[in-house]
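Peer 1: Chain by chain, the residues run as shown.
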Amino acid sequence: MKTKNIFKYLMLLFLALQLTSCVSTEAEQKFDETPTERLNKQKKELDDLLLSPSDGWKVVYYTDDSQLGGFTHLIKFLPNGKVDMASDFDADTDIHNSQYEIQLGSTVSVVFTTKNKIHLLSDSNNSPLAAGKGFLGDFQFLYYGQENNDLVFRTNRTVKEVRFVKATPQDWADLKKNKVSIANMTGDINSPLFRILETTDGGTVKKYEFNFNAVTRFGSAAPLSDENSETLKVAVAYTPTGITVRPAVTVGTQKLTDFVYNETDKSFIATGTGGATAAIKFTNAPPRPTDDYKLFLEGGPQLTIGYIAANLATAASNSPYAISILDKVNATLAANQKIARVQIAFNDPLNGNYIAYQFNGGKATIYHFFTTTEDAVNKTIILTDDGWLGGTVASRAFLKILDDEITNPKGLYLKKESFTIFYSNVIYTYASAATPFRLTNYRF
Amino acid sequence: MKIIKQYKKLVLAVGIIALASCAHEDQPTESYLDFTPKVKTDLDVWIDQNYIDPYNISVQYEWNQNVVEANRFLYPPAIEKVKPALEIIKKIWIDSYSTIGGKDFVKIIAPRDFVLVGGVNVNPDDISNTLGLAEGGKRISLFQVDYVNKSNRASVTEFVHTIQHEYVHILNQTKPFDVQAWAKITPNDYSSDPFSISDTEARKLGFISAYARSNYTEDFAETAAIILLLSKTEYDALLASITVPAAVTAIKKKEAIVVQYYRDAFNIDFYALRDEAQKNTTDVLNN
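Which chain is which? The protein sequence lines are A and B, in order. Read in order, the letters of the first sequence are residues 1 to 444 in our numbering. Read in order, the letters of the second sequence are residues 1001 to 1287 in our numbering.
Next up, chain B with everything else stripped away, as it sits in the complex:
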């Protein structure tokens, strides 16, 4: 008991000393860190008005070494290429989903950050290029911004392909699709080296593109994205060009799962979304 008493006194003494030892500390002065906001260019203001304010999506077009791979030789986009690229994304991706899925659809489920890179991202195999990257559904990096030609359909479609594909992943992360049903369709032809065969060869196996062979989730994203990129006529022509009937059946089964997923998970008519994206693509090309 005596020890406890002594102990109490000691702790009290230590406490007083500990507090007193801080008594003469200097109070913090104003921060030395520079919080002056950057002078906004017209482009910055446009991005604020069209991406940050309405959709809470930021756009990094100026070089920031922390958001790109250091061992790839990439460069930032030319300033005059940024706005056209963002207009394409806004019109074909955001506007289409907003019209069909509801005004705030993209605002609620969206990547929070776009990183734009001007140059081509050549892969170490020296054959393929990386067109886009999605990190955890939060950041999407888009490459080859300097190459986008707003009046060329193939160029616009290739650029939009990346965002459509990555956005399907983000939707999947919000609500999963029926993987079990999907896995039964073409279970044996997935590959860790999907580019070992061409798109045409992959279609004969029941995949919409070579990259779709990577795994179930990539297959789902590719199937949805490519249908969204094509008009109904173009998609029918693509199916008609496949010479293996079983492969056509497989792709149609996958298409059915995609359509059902959009309806059940988000109450979106997938074909209406496709038609809206087509209309908006034509608008982009004509303006």
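This is chain A alone, in the form it adopts within the complex:
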């Protein structure tokens, strides 16, 4: 083709393109308003909604319900970007004032722009899980709309759903009662060492060993019998009367979430219909008692186990109650004297069974002889008094609170542990069947 023609066709094509490009300037409108108008409208809608309820909003914030529990926040939005807030994150349930803003992120969001209680979940300096991750909390919430009068948000960083539910004056008045529930659920040094979750649908009873971390507000329930195989994960949030759990505990066909504290036996009970219940109970009996004690009975081999303060005082398997007993005994001694060992010899061919209380600072050893019997039903070994050696009755009085624990008439749960501490010696723990006393020992 000649250059002349190429030019001609090109120009014609160009002209045609120019003409058709002007044919329709009307783009099809999917929305009645421009994106800016819609965003402005959504911003105003959110701000109006946040400000509307006279008692503000209640937000039970589960930052990650696969490993952390829920934290209750009460939030009252005020004019001029101010906000009042209270939470049950820690002992301070008072109302604090700070600022908030409706910001445009990937969508319209509410941001708590200066520090308040909700920011405690996002403190890299207080991280119970991964280092530097705090409680995985967020304080910028992307607005996703309304559902049954609740405001539905998603967190900016972790994309978890968070619901703002209208609060009542009762919610504000009762928030401090959550602290009582926290104390009841956490327990103290006098609380029994173990917990079980027991469910019944009115007929079948299922039992689980329940472990709970008070800091993360998260628990797990491992089945104690073969027929219920699933280990339950439980994210806990506190209420004025007890706890609420997520996901719900399934009992028969019912789903139970709200547990109420029972003052009498210190349990938390969720009640359904037709006799269905789920209960979290404290117990001094280990959920999985062992037969390890049998080795130590009369006629068995010579065995010695001992608590050595220098190496075992900080063992995590010592219960706080046991530590407090040791501390009390040590407090009665002279400043340079402390319990060095509590050594228990079983089936010694020469001396039989005895507890040897040994001390630092030159104080003479005190021996307490005993005989052993078993409680085969409860799987405990019972140490019964068989006389003392060393000192007078009066001079041994300071040891009574400790000795009474070890020789308590309900006996001891003896357990061979799978961990070692400092040395390669096998570790045994014994726990009182009567109190939350548990001490860590080497086997020699």
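FYI, nobody ran anything at the bench for these hints, they're computed from the structure. We put the CB at the ideal spot given by N, CA and C, even for glycine. Among the hints, erroneous ones may be present.
Okay, the calculated beta carbon distance ranges per label pair [unchecked claim]:
{"no.": "1", "chain 1": "B", "residue 1": "V1244", "chain 2": "A", "residue 2": "K233", "range": "52 to 58 Å"}
{"no.": "2", "chain 1": "A", "residue 1": "D291", "chain 2": "B", "residue 2": "E1069", "range": "53 to 59 Å"}
{"no.": "3", "chain 1": "A", "residue 1": "Q29", "chain 2": "B", "residue 2": "E1069", "range": "36 to 42 Å"}
{"no.": "4", "chain 1": "A", "residue 1": "F31", "chain 2": "B", "residue 2": "K1005", "range": "46 to 52 Å"}
{"no.": "5", "chain 1": "A", "residue 1": "K166", "chain 2": "B", "residue 2": "D1042", "range": "28 to 34 Å"}
These stretches of chain B come out as covered by chain A in the derived footprint (C-beta under 8 Å, 3 or more residues) [stated by the list, open to error]:
{"no.": "6", "stretch": "1005 to 1012"}
{"no.": "7", "stretch": "1217 to 1224"}
Starting from the structure of chain A, add chain B where the hints point.
Peer 2: Chain B in isolation, oriented as in the chain A frame:
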């Protein structure tokens, strides 16, 4: 020739059509964007009067996800902690430089933006914390604002350390220091893992702190900042505590370069600046 003529006509036609095609476009109406300024709090007004108006430095204390690292779990400062922290910076950093370097010294050479963060910025190693960040000499982020205790010297000094350190970087970006001379002093002990040893150990190698071992510029900034943070007596005591004589000599050589840099580049008597900062630190603690 004929083609060119045709071509001209065609281009003219296209031009007219192109222009005419826009003739019936709607004219822009008023903007939908909301330009209403935020209602200023007392704190905002104070910041205007003490930072923006005199020094052209803005302060971001309200949370803005765009100026902090998203993968760090940080939070904004408590409102009542902002002003005390800014007062400390103003008194010890700005006022000291203004007195010794001239009224407009900080206004001319300064970061343009402060970002305040209330919480601790724990590093992934879970051992160290980031106290401050400087981005291109324009923005300085200061962490742990909620922890600053205005009546505790150690707390005030730690907080001011960040800004003094970062400001030395900004000065260096304006006028470079004598890197060649610096590099000859302790050439072999710089490390990409400076926190593997303690401050005390680093001083035995001729560095004023462990972090100074990072590289020449950090070394320069740390040396200048730490001298500015200490009184003469405290600095002499620090040198006296170093048991390796060669290390003391090295630090003194670095100090000499710092002093010379301030004099030659900015006509500032470094020791007078140090004394002024000390006086102002004492003033902060007493008020």
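Peer 1: Sort out which numbered hints this structure fails and list those numbers smallest first.
Peer 2: Of the numbered hints given earlier, the structure breaks just one, which is hint 7.
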